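K.L.:
Given these sequences and hints, build the entire structure.
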Amino acid sequence: MAIIEAQGLGKSFRVADKQPGLGGTLRHFFARRLKDIPAVRDVSFSIEPGEVVGFLGANGAGKTTTLKMLTGLIEPSAGAVEVAGFRPFRRQASFLRTITLVMGQKQQLIWDLPPLDSLRVNAAVYGIPEAEARRRIEELAEMLELGEELRRPVRKLSLGQRMKAELLAALLHRPSVLFLDEPTLGLDVNAQVRVREFLADYNRRTGATVLLTSHYMGDITALCQRVLLIHQGRLFYDGSLQELTQRLAPYREVCCDLAAPYPPEAFAGFGELESLIGQRLRLLVSREQLTATLSRLLSSFPVLDLEVNDPPVEEIIGRLFREGTVG
Amino acid sequence: MKRSLRLARVLLSVQYAYMLEYRAEIALWALSGLLPLIMLALWSGAGAAADLSLGPAELRRYFLAAFVVRQFTVVWVIHIFEEDALQGRLSPYLLQPLHPFWRYLAAHIAEQATRVPFVLAIVLAVWLLGAGASGWPPPSTWLLGLLVTILAFLLRFLLQSVITMACFWSERAAALERLLLIPYLFLSGLVAPLEAFPPALRRLALATPFPSMVDFPARLLSGAEVDLLGGLFTMAAWTALLLPLFLLFWRAGLRRYAAMGA
Numbered sequence: 001m002a003i004i005e006a007q008g009l010g011k012s013f014r015v016a017d018k019q020p021g022l023g024g025t026l027r028h029f030f031a032r033r034l035k036d037i038p039a040v041r042d043v044s045f046s047i048e049p050g051e052v053v054g055f056l057g058a059n060g061a062g063k064t065t066t067l068k069m070l071t072g073l074i075e076p077s078a079g080a081v082e083v084a085g086f087r088p089f090r091r092q093a094s095f096l097r098t099i100t101l102v103m104g105q106k107q108q109l110i111w112d113l114p115p116l117d118s119l120r121v122n123a124a125v126y127g128i129p130e131a132e133a134r135r136r137i138e139e140l141a142e143m144l145e146l147g148e149e150l151r152r153p154v155r156k157l158s159l160g161q162r163m164k165a166e167l168l169a170a171l172l173h174r175p176s177v178l179f180l181d182e183p184t185l186g187l188d189v190n191a192q193v194r195v196r197e198f199l200a201d202y203n204r205r206t207g208a209t210v211l212l213t214s215h216y217m218g219d220i221t222a223l224c225q226r227v228l229l230i231h232q233g234r235l236f237y238d239g240s241l242q243e244l245t246q247r248l249a250p251y252r253e254v255c256c257d258l259a260a261p262y263p264p265e266a267f268a269g270f271g272e273l274e275s276l277i278g279q280r281l282r283l284l285v286s287r288e289q290l291t292a293t294l295s296r297l298l299s300s301f302p303v304l305d306l307e308v309n310d311p312p313v314e315e316i317i318g319r320l321f322r323e324g325t326v327g
Numbered sequence: 001m002k003r004s005l006r007l008a009r010v011l012l013s014v015q016y017a018y019m020l021e022y023r024a025e026i027a028l029w030a031l032s033g034l035l036p037l038i039m040l041a042l043w044s045g046a047g048a049a050a051d052l053s054l055g056p057a058e059l060r061r062y063f064l065a066a067f068v069v070r071q072f073t074v075v076w077v078i079h080i081f082e083e084d085a086l087q088g089r090l091s092p093y094l095l096q097p098l099h100p101f102w103r104y105l106a107a108h109i110a111e112q113a114t115r116v117p118f119v120l121a122i123v124l125a126v127w128l129l130g131a132g133a134s135g136w137p138p139p140s141t142w143l144l145g146l147l148v149t150i151l152a153f154l155l156r157f158l159l160q161s162v163i164t165m166a167c168f169w170s171e172r173a174a175a176l177e178r179l180l181l182i183p184y185l186f187l188s189g190l191v192a193p194l195e196a197f198p199p200a201l202r203r204l205a206l207a208t209p210f211p212s213m214v215d216f217p218a219r220l221l222s223g224a225e226v227d228l229l230g231g232l233f234t235m236a237a238w239t240a241l242l243l244p245l246f247l248l249f250w251r252a253g254l255r256r257y258a259a260m261g262a
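So the sequences go chain by chain: A and B. Numbering-wise (the working numbering), the first sequence opens with residue 1 and increments by one. Numbering-wise (the working numbering), the second sequence opens with residue 1 and increments by one.
Simulated from the structure, these hints should not be mistaken for lab results. Note that the structure is a prediction, hence the values are computed from the model and not measured. One or more hints might be untrue.
[Claimed, not checked] Selected chain A positions facing chain B (in silico; Cβ < 7 angstroms):
{"hint": "1", "residue": "A93"}
{"hint": "2", "residue": "L96"}
{"hint": "3", "residue": "D112"}
[To be verified] To be clear about the criterion: a stretch of chain B counts as covered by chain A if any three or more of its residues have a C-beta under 8 angstroms from a C-beta of chain A, and this derived list gives those stretches:
{"hint": "4", "stretch": "95-105"}
{"hint": "5", "stretch": "158-168"}
[Said to hold, decoys possible] Over the 10 angstroms line for every Cβ pair with chain B, so calculated as not near, a few chain A residues:
{"hint": "6", "residue": "M103"}
{"hint": "7", "residue": "A123"}
{"hint": "8", "residue": "R194"}
{"hint": "9", "residue": "N203"}
Built from N, CA and C at the ideal position, the CB exists for glycine as well.
P.N.:
Pasting the structure below:
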């Protein structure tokens with residue numbers, strides 16, 4: 001039986017429609033015009049207990065709005081949603097004890113106090129006995145490699161330490177459904193890896209269900225077997241990550257610093273030229289052609305530095321929708 | 001019950017620790033609430049006290065008590081809620097099984113606790129300057145006065161919480177509070193005791209909740225004769241009106257909440 005079930009989910013926001021300039025300002029002051037902007041349209045999916053699902057989409061695609069409806073922060077304009085047998089917007093205490101939402105850009109920890117103080121509050125709010133709370137804090141702190149940091153004011157912690165402390169605070173009540181919105185945003189590569197490992201470990205140990213949004217393909221590939229792809233508020237893909245990767249990113253991004261300037265025409269036949277700024281070159285090369293192209297590139301040009309990356313998810317998705325290959 | 005007590009204890013102790021981080025700011029806030037003492041200086045001059053039909057000793061006691069009441073009835077929930085709603089900090093609170101306003105209430109009480117030393121110092125200074133020279137009411141009156149001051153704070157917190165609900169409809173609802181500040185200043189008894197108001201103005205003031213927030217507790221605290229039961233009944237009546245309004249607006253507001261910034 002599904003733990004998360006969304007049927008025809010939709011959300012519109014009413015926003016002011018103001019024309020620019022003084023005339024527009026005056027008209028807006030005396031006769032405010034409002035219009036409904038659909039953020040999410042007719043989204044349906046279901047998630048089984050214990051699944052780790054990636055939620056992908058460009059900025060403004062509707063990922064966060066959907067998460068807010070699933071957690072009960074906002075009321076859907078259309079459709080129905082059920083999480084762990086509850087209707088989220090009712091926000092019953094038993095539902096709130098079942099879920100957690102971690103937002104990479106937002107924090108629940110009290111800024112000027114050590115995380116332990118916020119953890120004491122959370123333990124009291126969720127009714128976790130003091131001894132049990134201490135035991136859980138120790139266990140999670142060990143998994144997250146947190147120690148003395150829990151006794152330092154939050155403002156003195158690095159971004160990575162803060163995010164780990166946020167995760168600890170969000171998981172203290174042992175939720176069985178985790179909604180994670182960009183949990184590794186802004187973290188360095190090492191911190192990203194640690195957070196991913198922790199989430200995978202938590203999922204293994206507790207069997208918790210995880211719905212995760214991220215701009216980093218690494219988060220999705222490390223954690224998710226299944227992905228949901230949303231674009232302009234509509235669900236475009238629901239299936240395995242492997243299939244999506246083949247459809248989405250059949251190419252790699254090659255960046256190199258050249259020792260001398262060259263005209264753009266010099267790179268014809270080396271894949272798709274994304275940009276050439278000064279001596280910094282960016283190419284998109286199909287995965288099949290990657291080795292041969294790199295070898296030709298290195299033998300044809302004086303290359304000072306070379307990097308091969310997966311293009312950012314947002315860019316891949318944008319390209320995909322521009323090319324109309326999904327839908 | 002045990003769980004609620006533990007929650008209250010933890011919330012208050014953590015909020016107190018948080019407020020102590022801002023002790024310098026709180027000292028300034030305490031000083032900024034000197035209006036009743038300024039009014040005392042004004043009314044004490046050149047026989048103006050006679051216009052208030054109060055003796056100089058009663059006047060001094062009233063304004064010193066009004067100062068204490070004012071210090072412990074300062075409410076700023078609308079400002080913090082507006083900021084939390086706009087910055088998205090409200091969202092994590094909404095996802096925990098505790099009404100966010102309990103946190104705000106705890107923050108206010110903790111802030112008042114941090115004020116205590118500053119208020120005591122100011123009261124002592126004014127006392128030494130002669131305001132208390134004419135004697136002071138017995139401890140039982142003091143205790144009752146402080147209890148009613150707490151009720152006055154809760155009423156003011158509730159009134160501002162109702163206005164705070166406008167944050168769900170407007171991004172700048174705190175402006176409404178500024179609009180209410182004028183009637184609060186003039187009708188609460190901060191500028192002059194209600195007893196000294198012309199009858200028509202007094203009737204108008206008594207039709208609002210403001211006298212319950214300063215005049216009633218201040219007169220009680222200063223040892224003046226008051227209609228205790230009548231005053232408590234008025235407070236209860238305003239609470240009975242405002243609490244359902246708050247809950248009604250809260251539910252309606254949440255339906256409009258867009259979780260901006262989150």
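K.L.:
Against chain B, run the beta carbon of A/D112 and see if the smallest gap drops under 7 angstroms.
P.N.:
Holds: closest Cβ of chain B sits about 5 angstroms from A/D112, inside 7 angstroms.
K.L.:
Quick check on the hint: A/A93 CB to chain B CB, less than 7 angstroms?
P.N.:
Constraint on A/A93 satisfied, holds at 4 angstroms.
K.L.:
Verify this label for me: A/N203 is non-interface relative to chain B, using a Cβ-Cβ cutoff of 10 angstroms.
P.N.:
holds, 20 angstroms
K.L.:
Is the coverage entry for the stretch 95-105 of chain B by chain A consistent with the three-residue Cβ rule at 8 angstroms?
P.N.:
With 4 residues closer than 8 angstroms to chain A, the stretch 95-105 of chain B meets the three-residue bar; holds.
K.L.:
Minimum C-beta separation from A/M103 to chain B exceeding 10 angstroms: can you confirm that?
P.N.:
violated, 6 angstroms
K.L.:
Counting residues of the stretch 158-168 of chain B that have a beta-carbon nearer than 8 angstroms to any beta-carbon of chain A, does the count reach 3?
P.N.:
Since three or more residues must qualify, the claim that chain A covers the stretch 158-168 of chain B is violated, with 0 doing so at under 8 angstroms.
K.L.:
Determine whether the non-interface label on A/R194 survives the test: each CB of chain B must be over 10 angstroms from its CB.
P.N.:
holds, 23 angstroms
K.L.:
Please verify that the nearest CB of chain B lies beyond 10 angstroms from A/A123's CB.
P.N.:
violated, 8 angstroms
K.L.:
Quick check on A/L96 please, does its C-beta sit within 7 angstroms of some C-beta on chain B?
P.N.:
Hint on A/L96: holds, closest Cβ of chain B at ~5 angstroms, below 7 angstroms.
Checked against the numbered hints listed earlier, the structure breaks hints 5, 6, 7; every other hint is satisfied.
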